[in-house]
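Novice: Each chain, written out:
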Amino acid sequence: MSDASLDSLLAVLPDMGGYGAYVWPAFAIAALVLIGLLVQSLVSARRNEAEAATLRAERAAASAATEPREAGHGA
Amino acid sequence: MGLKDRNRPAATMHRYANPARFLRLARAVQPWAAVLTIICLGAGLYLGLFASPADYQQGESVRIMYVHVPAAWMALFVYTSMAAASFAALVWKHPLADLFAKAAAPIGAGFTLIALATGSLWGKPMWGAWWVWDSRLTSVLVLFFLYLGHIALTNAFDEPTRGARAAAILALVGFVNVPIIKFSVDWWNTLHQPSSVLRLDGPTIDPSMLWPLLLMGVAFTGYFLCVVILRMRAEIAARRIRALRYSRAAG
Chain P
1 MSDASLDSLL AVLPDMGGYG AYVWPAFAIA ALVLIGLLVQ SLVSARRNEA EAATLRAERA
61 AASAATEPRE AGHGA
Chain E
1001 MGLKDRNRPA ATMHRYANPA RFLRLARAVQ PWAAVLTIIC LGAGLYLGLF ASPADYQQGE
1061 SVRIMYVHVP AAWMALFVYT SMAAASFAAL VWKHPLADLF AKAAAPIGAG FTLIALATGS
1121 LWGKPMWGAW WVWDSRLTSV LVLFFLYLGH IALTNAFDEP TRGARAAAIL ALVGFVNVPI
1181 IKFSVDWWNT LHQPSSVLRL DGPTIDPSML WPLLLMGVAF TGYFLCVVIL RMRAEIAARR
1241 IRALRYSRAA G
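Chains P and E, in that order, give the protein sequences.
Here my numbering is used: the first sequence runs in plain steps of one and ends on residue 75.
Here my numbering is used: the second sequence runs in plain steps of one and ends on residue 1251.
In isolation and in its complexed conformation, chain P is listed as follows:
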C-alpha cells in the first residue's frame, strides 16, 4: 500500500488522540494473521476431506467390481 492511500485510510478512522498510526496497524496486523490462519485451515480441511471421500468411494467401487460376492461384507 502506498503512503498516500495509507494516509487517506487513517484519515477516515478515528484519530485515537494522535495514536491512530499505532492503534489501527496493531488491530490490522492481528486481523490479518488471524483471518489468514482461519482461511488456510478452512481450505485445507475442506480439500483433504473431499479428497479422502473421493479415494474411499473409488476404492469401494473397485472392490465391488472385482469381488462381487464379498461386496455385502463391506469393511
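Quick caveat, the hints were computed from the structure, so don't treat them as lab data.
Glycine is no exception: its CB is placed at the ideal position from the N, C-alpha and C atoms.
Any given hint could be a false lead.
Restraint-style ranges between C-beta atoms, simulated for each label pair [said to hold, decoys possible]: (1) Pro14/P / Gln1193/E: 23 to 29 Å; (2) Leu38/P / Trp1133/E: 29 to 35 Å; (3) Leu38/P / Trp1092/E: 17 to 23 Å; (4) Arg1199/E / Asp7/P: 36 to 42 Å; (5) Leu42/P / Arg1024/E: 18 to 24 Å; (6) Gln1193/E / Arg47/P: 17 to 23 Å; (7) Gln1058/E / Ile35/P: 44 to 50 Å; (8) Pro1203/E / Leu9/P: 32 to 38 Å; (9) Ser5/P / Val1029/E: 39 to 45 Å.
On the chain E side, residues computed to face chain P include the following (Cβ under 7 Å) [said to hold, decoys possible]: (10) Leu1025; (11) Ala1028; (12) Pro1031; (13) Asp1055; (14) Arg1063; (15) Ile1064; (16) Thr1118; (17) Leu1121; (18) Ala1129; (19) Pro1160; (20) Arg1233; (21) Ala1234; (22) Ala1238; (23) Ile1241; (24) Leu1244.
Once you've looked at the hints, dock chain E against the given chain P.
Specialist: Frame of chain P; chain E shown alone:
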C-alpha cells in the same frame, strides 16, 4: 479394547484416541465455539476501541492492549497445552496428542507474532523504541522461535511419527521458557509493566478496561478452539489419504 481395570484413566483417554469419536465431538463443539468467538469478539472490539476510556497516562494508545494482552495470554496457553499434549504423546503414545500439537503450533506462532508486533507498535510512542532487549521481550521472542522450531521439526522427517516425536521433545524442553516469560517482569528489572490481571491479590485494573480485555481473551480462546479443530480435521483426512493411497499402491 483389552485394557485392564488399573489402566482406567488411560482407557478413558484412549476412547478419544479414536478419530471417528473425536470427529463427532469436534463437529458438535465447532459451531458453539464459532458463535462464542463472534459474540465476544464483537463486544470486545466495541468496548475496547470505542466504549472504554483512554488511559490517564497512555491516552488512546492503551487500546492496543486489548489485542496485545489476550494474544500474549494465548501464546503462553497454546504452548502450555502443546507441552501437556506432547507429554501424553510420549508417555501414553496417544495418537490424537501428536495431532493436536502439530495443529496448535502454527496458531500459537500466530498469537506470538501478534503479541510481538502490537507490543512494538505500542512501545514506539510510549517507550520511544520499537524494540528493547529486555527480559520479557527477549523471552517472548524465544517462544516465537520455539514455535517455528516445532513446526520445522514436525515436517523434517519422511516418517511423520519420527517428526512428531522429535517435536514433542522440543515442546517439553522448551516449556521451561513459559514460567520465565510469566515471571520475567518480577525477577528482573524491565521496561515491561508487571501483570495487572493475573495476580494473586486480584486484578488492579479498572473494570471498564478489564471487561474488554476478558471478552477478547474469551474470543481468542474460542478462535483457537475453532481453528485447532479445523487443522486436526485436515490432518486426520490427510492421514486417511496417505493410507488409502498406500493400500491402493500395495494392493
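Novice: If a hint holds in the structure, say so; if it doesn't, say that too.
Specialist: Quick rundown of the hints versus the structure:
no.	hint	in the structure
1	Pro14/P / Gln1193/E: 23 to 29 Å	holds (25 Å)
2	Leu38/P / Trp1133/E: 29 to 35 Å	holds (33 Å)
3	Leu38/P / Trp1092/E: 17 to 23 Å	violated (31 Å)
4	Arg1199/E / Asp7/P: 36 to 42 Å	holds (41 Å)
5	Leu42/P / Arg1024/E: 18 to 24 Å	holds (20 Å)
6	Gln1193/E / Arg47/P: 17 to 23 Å	violated (44 Å)
7	Gln1058/E / Ile35/P: 44 to 50 Å	violated (27 Å)
8	Pro1203/E / Leu9/P: 32 to 38 Å	holds (35 Å)
9	Ser5/P / Val1029/E: 39 to 45 Å	holds (41 Å)
10	Leu1025	violated (16 Å)
11	Ala1028	violated (16 Å)
12	Pro1031	violated (14 Å)
13	Asp1055	violated (10 Å)
14	Arg1063	holds (5 Å)
15	Ile1064	holds (5 Å)
16	Thr1118	holds (4 Å)
17	Leu1121	holds (4 Å)
18	Ala1129	violated (13 Å)
19	Pro1160	violated (14 Å)
20	Arg1233	holds (5 Å)
21	Ala1234	holds (4 Å)
22	Ala1238	holds (5 Å)
23	Ile1241	holds (5 Å)
24	Leu1244	holds (4 Å)
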